[in-house]
Amino acid sequence: MNNPYAYTEAEILKVVDETQNIKTFTLRPKTGIGFRAGQFMDVSLPGIGEAPFTPSSNHYVKDVLDFTIMRAGRVTSLIHQAKAGDIVGVRGPYGLGYPLNEFKGKEVFIVGGGVGLAPLRALLYALFNEVNDYKKIVLKYGAKTSKDIVYKNEIDSWRAKAGHVDIEISVDVGDDTWKGNVGLVTTVLKPGLVDVNNAVAIVCGPPIMMKFVTFKLLDLGFKENTVYLSMEKNMSCGIGKCGHCRIGPYYACKDGPVFTYDKIKDLPNIWD
Amino acid sequence: MEKKTYKITKKDLYDLFARLSANYRVFLPYADGQRLDFGEFDPKKEDRIELGGIRQSRPVKGFINPPREKILDTSRKDKRPVILAGVKACDLASFILQDFVFLKGEVEDPFYAENRNNTIIIGCDCTYAKETCFCLAMEGAPYPQKNFDINLSPAGDSFIVEVASEKGENIINNFKMFFKNHSATDLNVRQANREKVSREVRYFIDKRGTPDTSAIRGAVKKSYNLTELWKDFASTCVECGACNLVCPTCHCFLLYDEKTAGGNKRFRMWDACMYNTFARVAGGANPRKRLYERLRNRFEKKFDFFPQILNYFACTGCGRCIEACPGDIDLREVLKGLVTGKWNKPPHE
Ligand SMILES: Cc1cc2nc3c(=O)[nH]c(=O)nc-3n(C[C@H](O)[C@H](O)[C@H](O)COP(=O)(O)OP(=O)(O)OC[C@H]3O[C@@H](n4cnc5c(N)ncnc54)[C@H](O)[C@@H]3O)c2cc1C
Ligand code: SF4
Ligand code: SF4
Ligand code: FES
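Top to bottom, those sequences are chains A and B.
Residues 1 to 272 (my numbering) are what the first sequence spells out, left to right.
Residues 273 to 621 (my numbering) are what the second sequence spells out, left to right.
All the given hints hold, so there is nothing to weed out.
Partial pick of chain B residues on the chain A-facing surface, computed with a CB cut under 10 Å:
1. ILE343
2. VAL379
3. GLU386
4. TYR496
5. PHE525
6. THR532
7. ASP576
8. GLN580
9. ILE581
Note that these hints are calculated values from the structure, not bench results.
From the three backbone atoms N, C-alpha and C, an ideal C-beta is built for every residue, glycine too.
Using the sequences provided together with the hints, build the complete structure.
Structure representation (C-alpha cells):
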C-alpha cells in the first residue's frame, strides 16, 4: 500500500546549535528524498508526533537534508533533545517550491526574519548553483539580537561565493559587538536597492514581520504579483485532505506554502 | 447503466440479510426510542429494524472514515466486506464530498479507498420527514438518486428494489430466489410516497423560510462584515464541536501519534474547526482566535469554499447539526440571516 501518512526513517548525522533556541539537524533518510527549495516536509519523532519544516539545505544534494528548527512547543522541544545517531521520520516533500524559472533574468530581493532564514538558505543555495542566471541577489535579514542570527558562520562564505550577492543583516536591539544596522528589518529596505520593474521579492519570517515588509515593498514599487510570501499555517496531513491549512480557496500545503501577495491579499486574517 | 427494478417482501429481505451476514458485516438502522441508529444485523432484533423512516442519528461517514483510524500499523481489522443498509439520500449525497477529498487530488487516501471499496451501500427512501429536514433546499431529495449500489423503496409489506451498480447486481444474481418482478402499480406507489415526503420537506422549508442554494451562493463572502450576525449566533456556542462531528460532509482530521508497548502508532482522528486549537500554530498565533470567526469559517467552508472548488454545497440538509447543538444554533436561521440581513438571536438565553 502506498501510504501517504507513513514516514521514511532518517538518521541524524549532525546537530549544530545556531542560537539559544534554534538548531540545524542534518539527516540522512534511509531512501533518498528529493525536494525543491521552498517545499516542506514533516519531521516526526516516532510515537510522539510530527511538525512541518522546510529543508534548509541545497536541493541539488540528494542524500542528506538539513532542517533548521526553532524550539516552539511540544514536538520541537523534543526534537531539540535528539542527538546524532538518533532516528527520526520524514515524509514529503509537499507543496510548491519557489518558481525559480520565473526568477531567471531578474533581480532577486530576499527578506528574512528569525528562523525564516531556513527556507531562504535552501533558496540561496539553489540560486548560487546557477548564479549567472539572476541579475542580482540581495538578502536583507533581521534578527532580534546579534546572538539570534542563524547560520552566523556561513554567511560570510555566502558573500564570498558569488560576486553579485549583496547581504545585509540588521538587529532589533544592538550591543557592543554589533557594528551593523540596528532597527527592524524594514529600516534597511531602501529605494534604489533593486530595479523594481525587473525584480521579485521573497519574504519569510514571523507574520508581523511579513506584514510590514510587504507593505514596505509595495511602497518601494514592487507589484503585488512579484512579492512571494511563505504562509505558515497549522498543517497536519500535508496533502490537501485534513482541512487544517485552508486559507480562502487554497490549501497552503498544496497550493502554497508560498503565495504571491495578489493571490491572498483580499483574504481575511492573513497576517494572524 | 439502466437501473433494473425488482420487488422483495420484507420477510425475504430479512432472510437475505441473514444469509448475507455469513460473509459480510451487515449494518442496519434500528429504532432506539425516538432515534434510529445503525447496528449489526441480529435476527433476534427483527422487530426493531427500521429501513425507511428518516436519516439515522449518526452520519454514515463513520463506517468509511472512522472517527479514529490506525494508519501506520495496518495489522488489524476485520476485513469482511461491509453492507450498510437503509442509508438515506442526505448521507449518500455527502459521498460527493468525502470521495472528492479522500479519493481525488494528487494523492489518494488508501484507508478511505479500501473501506469505500469494501462497502456495499443499500439506500432507502425516507418515509416521512422531520422538522429539521431541508434536503430539497440543498439540491437533494428525500429519496436516493445516486451513490448507492441498491436502493429500497418501502411499499406496504414489500420493497421496490433498484439496482445501480455491479456490486448490487452481483447480490441480486446470487440470491435470485428472493427477487420478484414488480408491477406498474408498485412504481406508482413509490412515486406517491416520494411526492408525499417531498411535500413534507417542502412544508418545513417554507415554514422556516430556509433559503435554497441559489440564494445562498456567495452569501457568506458578502457577510464577512456582518460581524454582529456571527457574534450573535456564536454567543451561545460552547465550542463542543458536535456540529462538525455529526455532519456527514465534515471531513477534517488530525494525525496523532502514540507510543505503546506494541510500538509506535499513528492515528487519523476526526477534528473540528470549531475548536480553538484547529488553526492555532506554534507560539499561539491563530488566524481564527475568536469563536465567531470559527463559526463563520465553518459556513465559509460549506457554502463558499466547496461551491467554488467543486460546485457543491457541503451541506446536504440533514439537519443533524441543528439537533446536536447545545447552544440552539440553527443553521437555517444563520443562512436566512445571511441572505436577508435580518436574524433573531438564538433563543437560548
Ligand atoms: C510550511 C511550513 C514550514 C515551516 N518551516 C519551519 C522551519 O524550517 N523551521 C522552523 O523552526 N519552523 C518551521 N515551521 C514552523 C513549525 O512547523 C512549528 O514551529 C512547529 O509546528 C511547532 O510544533 P510544536 O509541536 O513544537 O509546537 P506546538 O505549539 O506545541 O504545536 C503546534 C501546532 O500543533 C498542534 N499540536 C501540537 N501538539 C498537539 C497535540 N498533542 N494534539 C493536537 N494538536 C497538537 C497545536 O495545536 C499547534 O497548532 C514551518 C511551518 C510550516 C507550516
Ligand atoms: S451542515 Fe448540518 S444540516 Fe448540513 S449536512 Fe452538515 S449536519 Fe447536515
Ligand atoms: S454544536 Fe453548537 S455549541 Fe457545539 S461547537 Fe457547534 S455551534 Fe458550537
Ligand atoms: S495540511 Fe492537511 S489539508 Fe493542508
